[in-house]
Amino acid sequence: MLPWLGIAFMIGLGELLTRTEMISSRHFPPPSEMFAALADELTTAEFWTAVGNTMQGWALGLAIACAIAIPVGIVIGSSSLLYRSVRAVIEFLRPIPSVALIPLAVLIWGSGLESKVFLAAFAATWPLLMQTLYGVQDVDPVATDTARSFGFGRGQRLLHVTLPSAVPYIATGVRISAAVALILAVTAELVIGSPGLGREINIARQSEAVDIMYALIAVTGLLGWGVNIVFARVERRVLHWHPSQRVEVAK
Amino acid sequence: MLRRWLVLAFACAMLVGACGGDDDSGGGGGGDSNEVTTLKVGVIPIADVAPLYLGMEKGYFKDENLEIEPQLAEGGAAIVPAVVSGDYQLGFSNVTSLVIATSKKLPVQIIAQGVLGGTGPDSAWDGVVVPKGSKIKEPKDFEGASVAVNTLNNIGPLVMNESMDKAGADYTKIKYVEVPFPEMNAALEAGRVDAAWEVEPAFSGGKAAGGTAIMHPYEETAPNLTVATYFASKDYIAKNTDVVERFKRAIEKSLDYAQQNPDEVRKVIGTYTEIPAEVLDKITLPQWKADLNEPTIQMNIDLSKKFGFIEEEPSLDDMIWRGE
Chain A
1 MLPWLGIAFM
11 IGLGELLTRT
21 EMISSRHFPP
31 PSEMFAALAD
41 ELTTAEFWTA
51 VGNTMQGWAL
61 GLAIACAIAI
71 PVGIVIGSSS
81 LLYRSVRAVI
91 EFLRPIPSVA
101 LIPLAVLIWG
111 SGLESKVFLA
121 AFAATWPLLM
131 QTLYGVQDVD
141 PVATDTARSF
151 GFGRGQRLLH
161 VTLPSAVPYI
171 ATGVRISAAV
181 ALILAVTAEL
191 VIGSPGLGRE
201 INIARQSEAV
211 DIMYALIAVT
221 GLLGWGVNIV
231 FARVERRVLH
241 WHPSQRVEVA
251 K
Chain B
1 MLRRWLVLAF
11 ACAMLVGACG
21 GDDDSGGGGG
31 GDSNEVTTLK
41 VGVIPIADVA
51 PLYLGMEKGY
61 FKDENLEIEP
71 QLAEGGAAIV
81 PAVVSGDYQL
91 GFSNVTSLVI
101 ATSKKLPVQI
111 IAQGVLGGTG
121 PDSAWDGVVV
131 PKGSKIKEPK
141 DFEGASVAVN
151 TLNNIGPLVM
161 NESMDKAGAD
171 YTKIKYVEVP
181 FPEMNAALEA
191 GRVDAAWEVE
201 PAFSGGKAAG
211 GTAIMHPYEE
221 TAPNLTVATY
231 FASKDYIAKN
241 TDVVERFKRA
251 IEKSLDYAQQ
261 NPDEVRKVIG
271 TYTEIPAEVL
281 DKITLPQWKA
291 DLNEPTIQMN
301 IDLSKKFGFI
311 EEEPSLDDMI
321 WRGE
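Just so you know, the sequences run in chain order A and B. First residue of the first sequence? That's 1 in the numbering used here, and the numbers climb one at a time after it. First residue of the second sequence? That's 1 in the numbering used here, and the numbers climb one at a time after it.
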């Protein structure tokens, strides 16, 4: 109930500010007009193609980020020697805004899907890598020692002790990265003009069709919201055995 | 229930995306005119490039065995690098950008006319708009004023400066502010700038909001000023001369057709932009014709030098590809 109240309040506020022209309605349409434009958009094939293109770039970017960040994080996190030697490199690369790499991406991959996937993957890799690193390093040393004294090998310890302990961290990392990848996919479309919602936003902007523009912007927000819900649900289901999730369920 | 629908919608969207996604048919294409060559043409979603879309509709490109894939870029600045790198085969850019690029030794050449300014102030599709109640009444009043242009040191300030100069006003006293076209009217209304050099559809929007156009820089710089052209990289032209010739023939036919059929132009603009129909009916269309009007390109070179946008003047022969 409460979330809906918050949403209703935001929409009402937007309507009030624009109807009273405190914000010029010519440049920022009232939410009601935005929804009307959105309803029109929903019936067009172009809109769904754009959503598909965006989600395609997002999914590939996120998949690549997972394929890189999780194994690399586990390997680096398991060895303090390795961790200390690559930490500086990671801390150097991590704060680079993906958007700043757009010229590089365009130069190497052009203006299509590849650039979008690269930017999404680059940005999504870091939060996931950091989460994986923390997760692997946060293993209870007593558990590791116990496993060792029972004669568990390196591989067995990884499988039976380290991974189960790190999975909640990784799951959170994936959820954060999913949002980041979506932001970057839309940004790439906006700036480079790869097909997708971002490009449609830009076309509407160039045409001064503000109602359509903000309707599409709202759609990117809804997509992010949907992605977060789906991942949170999956996380809860997969990790139902973990104490952190049990606490949440008990609430 | 809702969740299931969401999942379904996602799945459909992914599927549509996957199907529509294979636009990787990069057309380098050889010289054989019997096989269809796919050309990626970098354009901006504005009225200027309507002939390209109209020509596609009319089959003019198909007649030349060309398939056009317009690539909508955010702005002209993104198109030149994409053409130089070969990601796009052709591009659409304003002449001043190409003068600057050629002066910097970027290997690009004009291959065909793109769009021209009006024949005179009466058919102008650009103007320097001041908001309602502004004290600016004539060119001289722009001295000391802030004027929004879409790009600094480019065609906007170039024609604005020249029009000021011709009117006997001191253009060096203008404070140029960079504002993207779509945000100019908002900037005007909020009083962030004193005036804005606008083109359609912003121009119509500005006037509809009560603004007045004081000058028409394109038309005052020269009647029938060549504003933007289609271009390619020298490398692409050398290796695909035949393709470029075919494109030139088709686009020139499209330009003439567009000029003679404004109603069809308005209709086609609605297909690749989101300009509302009621606005489309009212905007002043640009001028299109096949002739490059080379003297105005020379003028653009001279003015770029005069206003310090370039140091070395490229020659017309270097800038324009005139066929074999």
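Hints in this document: simulated from the structure, not taken from any laboratory. A virtual CB, placed ideally from N, CA and C, is assigned to each residue, including glycine. Take these hints with a grain of salt, some might be off.
Per the computed footprint, the stretches of chain B lying under chain A, defined by three or more beta-carbons under 8 Å from a beta-carbon of chain A, are [said to hold, decoys possible]:
#, segment
1, 52-58
2, 200-214
3, 229-240
4, 268-282
5, 299-306
Now for the hints, and whether the structure bears them out:
no.	hint	in the structure
1	52-58	violated (count 0)
2	200-214	holds (count 4)
3	229-240	violated (count 0)
4	268-282	holds (count 6)
5	299-306	violated (count 0)
The structure is inconsistent with the numbered hints 1, 3 and 5, although it conforms to all the rest.
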